[in-house]
Amino acid sequence: MGLKNGVLKTADGVTLMWFIVCGTFLTSCKSINNNVETLPKNTISGYCDIVFATYSDANTLAMELQSATNLLVTEPSEANLEKAKTAWRSAREVYGKTEAFRFYDGPIDNGSTGVEGLLNAWPLDEIYVDYVVGNLNAGIINNTEEYPTINKELLKKMNENGGEENISAGFHAIEFLLWGQDLDSLGPGNRPFSDYLPETKNAERRKVYLSTAVELLIENLNYLKLEWEAGKADNYRATFINDNPNISLQKIITGIAVLSKVEMAGERMFTAYDNANQEDEQSCFSDNTKSDLIFNLGGIINIFYGTYVRSDKTTMEVTGIDEIIKSHNVKLYEETEVLIKKCMNHLQQIYYPFDRAIVLEDKRPQVMKAVLSMQELGEQFAKVATELGLTINVNVVD
Amino acid sequence: MIKILSKYKNSFIAVILIGVFILLFSFASYQKKDVLSASSIKTEKLLSGGETTVFDQSVNAFALPAPNLSSQDELLFFVGNSFFNQNWVQAPSSTTARDGLGPYFNAKSCSGCHFKDGRGQPPTIAGQLSQGFIVRLSIPGKGTHGEPLDDPNYGGQFQEHAIDGLKKEGNYVIIWEEKSGNFYDGNSYTLRNPKINFSDLNYGEMQHDIMYSARVAPQMIGLGLLEAISENTILSYADIDDKNRDGISGKPNYVWNSLEQKVQLGKFGWKANQPNILQQISGAFSGDMGISTQHFPEQNLTSSQKQYNEFANGGDPEIDSDDLKKMHLYSSTLAVPARRNVDDKQVLQGEKIFAEIGCNSCHIEKIQTGVHPDFPILSNQNIRPYTDLLLHDMGEGLADGRPDFEATGQEWRTPPLWGIGLFQTVNKHTYYLHDGRARNLTEAILWHGGEAEKSKNEFKQLPQKQRDQLIEFLESL
Chain A
1 MGLKNGVLKT
11 ADGVTLMWFI
21 VCGTFLTSCK
31 SINNNVETLP
41 KNTISGYCDI
51 VFATYSDANT
61 LAMELQSATN
71 LLVTEPSEAN
81 LEKAKTAWRS
91 AREVYGKTEA
101 FRFYDGPIDN
111 GSTGVEGLLN
121 AWPLDEIYVD
131 YVVGNLNAGI
141 INNTEEYPTI
151 NKELLKKMNE
161 NGGEENISAG
171 FHAIEFLLWG
181 QDLDSLGPGN
191 RPFSDYLPET
201 KNAERRKVYL
211 STAVELLIEN
221 LNYLKLEWEA
231 GKADNYRATF
241 INDNPNISLQ
251 KIITGIAVLS
261 KVEMAGERMF
271 TAYDNANQED
281 EQSCFSDNTK
291 SDLIFNLGGI
301 INIFYGTYVR
311 SDKTTMEVTG
321 IDEIIKSHNV
331 KLYEETEVLI
341 KKCMNHLQQI
351 YYPFDRAIVL
361 EDKRPQVMKA
371 VLSMQELGEQ
381 FAKVATELGL
391 TINVNVVD
Chain B
399 MIKILSKYKN
409 SFIAVILIGV
419 FILLFSFASY
429 QKKDVLSASS
439 IKTEKLLSGG
449 ETTVFDQSVN
459 AFALPAPNLS
469 SQDELLFFVG
479 NSFFNQNWVQ
489 APSSTTARDG
499 LGPYFNAKSC
509 SGCHFKDGRG
519 QPPTIAGQLS
529 QGFIVRLSIP
539 GKGTHGEPLD
549 DPNYGGQFQE
559 HAIDGLKKEG
569 NYVIIWEEKS
579 GNFYDGNSYT
589 LRNPKINFSD
599 LNYGEMQHDI
609 MYSARVAPQM
619 IGLGLLEAIS
629 ENTILSYADI
639 DDKNRDGISG
649 KPNYVWNSLE
659 QKVQLGKFGW
669 KANQPNILQQ
679 ISGAFSGDMG
689 ISTQHFPEQN
699 LTSSQKQYNE
709 FANGGDPEID
719 SDDLKKMHLY
729 SSTLAVPARR
739 NVDDKQVLQG
749 EKIFAEIGCN
759 SCHIEKIQTG
769 VHPDFPILSN
779 QNIRPYTDLL
789 LHDMGEGLAD
799 GRPDFEATGQ
809 EWRTPPLWGI
819 GLFQTVNKHT
829 YYLHDGRARN
839 LTEAILWHGG
849 EAEKSKNEFK
859 QLPQKQRDQL
869 IEFLESL
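From first to last, the protein sequence lines stand for chains A and B. Following our numbering, the numbering of the first sequence begins with 1 at its first residue and continues without gaps. Following our numbering, the numbering of the second sequence begins with 399 at its first residue and continues without gaps.
Incorrect hints may have been included.
Said to hold, decoys possible - If you want the ones that stay clear, here's a sample from chain A, every Cβ over 10 Å from chain B, calculated:
id: 1; residue: S56
id: 2; residue: S67
id: 3; residue: P123
id: 4; residue: L124
id: 5; residue: E267
id: 6; residue: Y333
id: 7; residue: T336
id: 8; residue: N345
id: 9; residue: V359
Unchecked claim - Some chain A residues flagged as far from chain B (calculated, every beta-carbon gap over 12 Å):
id: 10; residue: K83
id: 11; residue: N142
id: 12; residue: R356
id: 13; residue: E361
id: 14; residue: Q366
id: 15; residue: N393
What the hints assert, rightly or not - These stretches of chain B come out as covered by chain A in the derived footprint (C-beta under 8 Å, 3 or more residues):
id: 16; segment: 461-471
id: 17; segment: 646-656
Since the hints were made in silico from the structure, they are not lab data. Every residue gets a Cβ at the ideal spot worked out from N, C-alpha and C, and that includes glycine.
Here chain B stands alone, though its shape is the one from the complex:
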């Protein structure tokens, strides 16, 4: 009940906030110019996703179409939503458009991991079913196009589910290793990081030098806007050799576009290993659900699983190309929710600290999108994603030791921060970072190392009050 009340309290506040904003705005337009500009700066700050911003702070905050979609496209968005949300079923089935799950899979639907289009989380109890947590696998070396090499028996991703009649790949448990540290004011903290213990392996051994890295599913908002950021804009933030000597490099990942058969700048994924949304979602269909697409027409099977190729195939490809197109539209046009409390004193202080300790060197606030080839509503938008989409060395503490194209084991893509204050509302948790190891925003900051070591240390030096202000700012995103 409390949850329900607080949800609507939030929407109620949103309504008031909008109302206040409209009042302020109309009031400001009669005032002197500087008042007007203060007000329009505030407006801009609210609109994280430019014209695609939505005002909703409820559990549905991540699940809304961009408000500037045409009503025709809105219907197509709903089709995409249907394929995102509903479970895929094992073939053969009466619902032939939705069968072909597996043979091996992590989830039965996209929403299984991106619940309410939001953020996944690691299992909290041993043996609990995953809610948007997967384990990537590879062995040393690189493939033809620079991609990681699959384990011969278990491929590039561990699947802990299989369709009826087949054995799943196996099980794993997460062992959390804890370590503690202190802020400069003497207050202590504890950090945890996951070790994965595989068991009950049903398809032979894993290679002795296997590398693994866990991932949680990211929130789906604003992906098309990120795609619309031009390559030149992203490269303008790059400084591979740190020529300006600020300690921040910013390195583009160049990855294989398997749809167009060419090398391209990586933009998506925790290591920026995917060049575009279409390939990202096609990869997820194949890797997470075992659904073949026009881009990855083969069943996702390793050499020790090849004999199951004809097992329960749901068509060729299993998701119709036309439906995939609508999934693409859906995944590209989920709206970004507006910021909250932008005027709050604590938040404003936190925003200042964010810049002062250099968080904004990588988490770039304002970016203008370029031209989106497929969805013009995403073009030329002034957005506030708080990312540079580049790779940064984050130090040994956060390293997974698993290279991905040009990303080393210590490098990670700066994740966008928009929406991070809404995880609790949408997904009822506050797990951050690529594997959900951080249990709150403070821990997430404390995991920063490498290029961010300096900023992290400055954060540790802040008194509690200022640390809280920084967190309040982050929660307003």
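Just chain A, with the same shape it has in the complex:
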């Protein structure tokens, strides 16, 4: 509990600090020169730079996760399991920010080649992966007969089983292999490190599964990174930059609007709130959901202000959409900024862990406040789009 709280606190602290910095300081002293003509173009290329940098960091942190899981599988111990969990949380933080780049058929969630399902499918079909209470021989890991070899091909194939995404790969599969089922109503899952000791049944296969899932994670994040890399002739970024600026701007705003309203307010918070079902949350094994939400908003803030604090703590500054809004309507910009602050406030105020916040009567109103403000923020981005002469649909359900 202590470590977990510590991590979350640090995470919140960093976000909050960087949020204040973005909002009050950096934006006022940016050195980029923009005039009316170059503004859309610079906003779009700035966006691409942030997307690329964020996926690069996500990729780097996934590789750090790999070092940690390698250590865990070679030297299983309580300490090494904790290290792996910490590395998962760090990788998850950056990934959370990248979710602001979804919902417009880009490389992440394009209907035919998108890898979102392989990275972030939820809910996880635990029983297809490993043992659960009540079925100790469950899952690919324990089914040596049907799945003699565990490798990338198998996990990819299993992810398509049933005709849809899900079940065997991505952040939540790794989360499950590190934390195990969350059966504790007060804390996260509590998988013993002995699950990785050689004398434990199928430990070797569990190790292979974990390593393979992490490898796939890196591979897919790397794919996204390459799609957004500058200077390539045939990647997604090239199309994005060369497209009609209105279309690219429309995509940028659609991404943050839908994430705010449909995904965060609707899917991740209100659905959980309405259900009041304790584990109806994204990161249910690790109880990381609150942090996920905060970093989702972090991704939105980065795009808004055009600032991004990289995982090596250096700060990059590009033209954000804030400038384009200001150039049209200062009042609208100010309103949006106030609303973003309100959202961050309300997300911070949600009781930790999220799975308790949706169940405890006196904590539920905080969740609802965050729902309403994120819904409002999504609508606000729609207003921004209208102000810029664009039409976006903020109600896209995936």
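Could you slot chain B onto chain A? The hints should help.
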């Protein structure tokens, strides 16, 4: 990349179209009365779903809430969406609200078949996993309420998946039988129809006289509007004995409302075998995913599968009644996308031909909805669904030989045509009809027989140019 570009090209056109329309409209209001009425006819034609219409021609065209939903209901819509979209998982699981899949199933989520709330398709390669294609089964005879009788071993629907630890019911392959024909201008066409070959049956033989019929998942748009059409309105289109001698009968299906335990007019399903959306979705939960509901609380098991009753149960019922309610709201309030190109000359010509050859005898354009008991935003809407929701004899070619309540093996419900021009955009295919046999709209028309034989023949007599115009009109829906 091309796909991405074209998607946004479409939305861009939509924006322009709306803009032009607003201009026209505001312009028209200063003009003489006849100009105004021409413009408002155009407006009406655009608004396929009345006030619930959305202007979106992107891949998300079927996936949007009715714009007149309150912001409170919008949140409930998102909850419904979550349960529609996310996979159900095998019990026991940490996400207890979402477990209970199977034991036998066709899909793990509603969206598995209704991808992007759109239309399913038959597997294109042998052994490929289904993307919204199921096979209904029954044996001769009728049940207590007139329903089809289940096969003793495989039930009313074949499930080609099972949860971990159980054997699936079996496999099947589709063999496409082809036949060709000619238009009157000499051009030829080929039609295909599916034969299903079952194999690897794990629960014994199927009954020797088994009847089967394949189905693709229909698009989800406007369902609540169809539900809101009053029984009287639908019956006013019926002409069972063809008293007006136009060759078109129009027969209501009367089916069993198992929620209210009474006989009622059927409105949904390819044979109009479901009386309302709630029962339709409860049936799909049970039949397609093996999820129990308050309405169908039993696990979907045949007598040869009963021993697995306690296998991995995800609660009682597996979907909470409150969540089912939101699924009901969701399934009822998915918006209908506006028509495109209503002013295009070819489209207008096609629209004329549509009426001239009598397509509109069954595909009724304009209907006013009645009062919706649960969702008032759907009440009294002027909609353009292009259906009469009645059964028609479609001839031997299209027959499945599998009766369903009062629908015979040759009868099918007129499917609504709204949205049919957007399948390519939303679902990347153009498969039509109940089992996806038609590979394009022309083939779909050519499959019409029985009461529609006359119209089909008139279509075959049209020169290519006019056939194209008719297709362009259909694509504008």
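Cross-check of the supplied hints:
{"no.": "1", "hint": "S56", "result": "holds, 22 Å"}
{"no.": "2", "hint": "S67", "result": "holds, 28 Å"}
{"no.": "3", "hint": "P123", "result": "violated, 4 Å"}
{"no.": "4", "hint": "L124", "result": "violated, 7 Å"}
{"no.": "5", "hint": "E267", "result": "violated, 5 Å"}
{"no.": "6", "hint": "Y333", "result": "holds, 23 Å"}
{"no.": "7", "hint": "T336", "result": "holds, 18 Å"}
{"no.": "8", "hint": "N345", "result": "holds, 20 Å"}
{"no.": "9", "hint": "V359", "result": "holds, 12 Å"}
{"no.": "10", "hint": "K83", "result": "holds, 23 Å"}
{"no.": "11", "hint": "N142", "result": "violated, 10 Å"}
{"no.": "12", "hint": "R356", "result": "holds, 15 Å"}
{"no.": "13", "hint": "E361", "result": "holds, 17 Å"}
{"no.": "14", "hint": "Q366", "result": "holds, 16 Å"}
{"no.": "15", "hint": "N393", "result": "violated, 6 Å"}
{"no.": "16", "hint": "461-471", "result": "holds (count 4)"}
{"no.": "17", "hint": "646-656", "result": "violated (count 0)"}
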